[in-house]
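Asks: Protein sequence lines, in the order shown, are assigned to chains A and B.
Heads up: the first sequence begins at 17 in my numbering, then just goes up one per residue.
Heads up: the second sequence begins at 718 in my numbering, then just goes up one per residue.
Just to be clear, a hint being listed does not mean it is correct.
What the hints assert, rightly or not - With a Cα cut of at most 25 Å, we get these calculated SDA-like pairs of lysine to any residue: (1) B:Lys743 x A:Pro77; (2) B:Lys743 x A:Lys87; (3) B:Lys743 x A:Glu75; (4) B:Lys815 x A:Arg88; (5) B:Lys743 x A:Asp54; (6) B:Lys787 x A:Gly56; (7) B:Lys815 x A:Gly32; (8) B:Lys815 x A:Val104; (9) B:Lys815 x A:Asp72; (10) B:Lys815 x A:Leu128; (11) A:Lys25 x A:Val76; (12) A:Lys87 x B:Arg767; (13) B:Lys815 x A:Gly19; (14) B:Lys815 x A:Ser111; (15) B:Lys815 x A:Asn81; (16) A:Lys73 x B:Val761; (17) B:Lys787 x A:Leu128; (18) B:Lys815 x A:Lys30.
Note that these hints are calculated values from the structure, not bench results.
Owing to the predicted nature of the structure, the values given are computational and were not obtained by experimental measurement.
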Amino acid sequence: NAGVTQTPKFQVLKTGQSMTLQCAQDMNHNSMYWYRQDPGMGLRLIYYSASEGTTDKGEVPNGYNVSRLNKREFSLRLESAAPSQTSVYFCATRSPAGGATDTQYFGPGTRLTVL
Amino acid sequence: SQQGEEDPQALSIQEGENATMNCSYKTSINNLQWYRQNSGRGLVHLILIRSNEREKHSGRLRVTLDTSKKSSSLLITASRAADTASYFCASGFQGAQKLVFGQGTRLTINP
């Protein structure tokens with residue numbers, strides 16, 4: 017039972033390159049999220065998916081696209097990377113709403129540097 | 718803008734002392750959650766307190782919520798070196814899928 021996994025762990029890109037960050041979960045949760053965390057700051061929501069087939073913008077969606085491939089997988093794509101996208105990216109899932117455990121479960125993160 | 722503001726931004730105490738972190742939020746919430754982040758790792762959920770609760774305990778953790786002041790505090794008693802981490806509050810809203818995270822408090826426990 018791996019929980020939430022992310023690949024890759026580290027990535028260095030040049031400005032203008034593209035890449036996809038992968039996230040997979042085996043927790044059978046409907047909701048999945050992508051956040052970015054910059055030094056000294058909390059997490060900012062990029063995109064989320066409440067269920068398979070749906071995606072919605074978060075606080076900072078510009079420069080990113082997402083795909084909810086199936087219930088398990090939620091990918092984040094940078095089409096043309098910029099230095100401002102240098103950050104640590106976290107994927108998370110959410111336990112079902114309304115219960116006592118309405119919480120999020122996080123992956124280990126992907127550290128991305130854009131030169 | 719961020720929903721949660723945390724105070725202090727950094728806290729350094731001796732092992733065995735108690736650590737208190739505060740979180741303020743702006744709009745009405747359904748619940749307030751606290752997460753811990755060890756260096757270089759993802760966030761781990763610690764405790765959730767609902768808007769109709771005033772205090773909650775979990776092991777050495779005590780969380781309070783004052784909805785009239787729109788604030789919450791996290792108390793870690795008898796701190797240990799392993800408690801060294803960043804702690805984040807997150808606001809949850811009725812019917813909403815999203816959490817809004819504060820900027821975090823960086824806690825250092827000195828042996």
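Asks: With reference to the structure, classify each hint as holding or not holding.
Replies: Status of the hints after comparison with the structure:
no. : hint                : verdict
1   : B:Lys743 x A:Pro77  : holds (23 Å)
2   : B:Lys743 x A:Lys87  : violated (33 Å)
3   : B:Lys743 x A:Glu75  : holds (16 Å)
4   : B:Lys815 x A:Arg88  : holds (19 Å)
5   : B:Lys743 x A:Asp54  : holds (22 Å)
6   : B:Lys787 x A:Gly56  : holds (23 Å)
7   : B:Lys815 x A:Gly32  : violated (30 Å)
8   : B:Lys815 x A:Val104 : holds (19 Å)
9   : B:Lys815 x A:Asp72  : holds (10 Å)
10  : B:Lys815 x A:Leu128 : holds (24 Å)
11  : A:Lys25 x A:Val76   : holds (22 Å)
12  : A:Lys87 x B:Arg767  : violated (28 Å)
13  : B:Lys815 x A:Gly19  : holds (20 Å)
14  : B:Lys815 x A:Ser111 : holds (12 Å)
15  : B:Lys815 x A:Asn81  : holds (18 Å)
16  : A:Lys73 x B:Val761  : holds (24 Å)
17  : B:Lys787 x A:Leu128 : violated (35 Å)
18  : B:Lys815 x A:Lys30  : violated (32 Å)
Of the hints listed earlier, those the structure fails to meet are numbers 2, 7, 12, 17, 18, in rising order.
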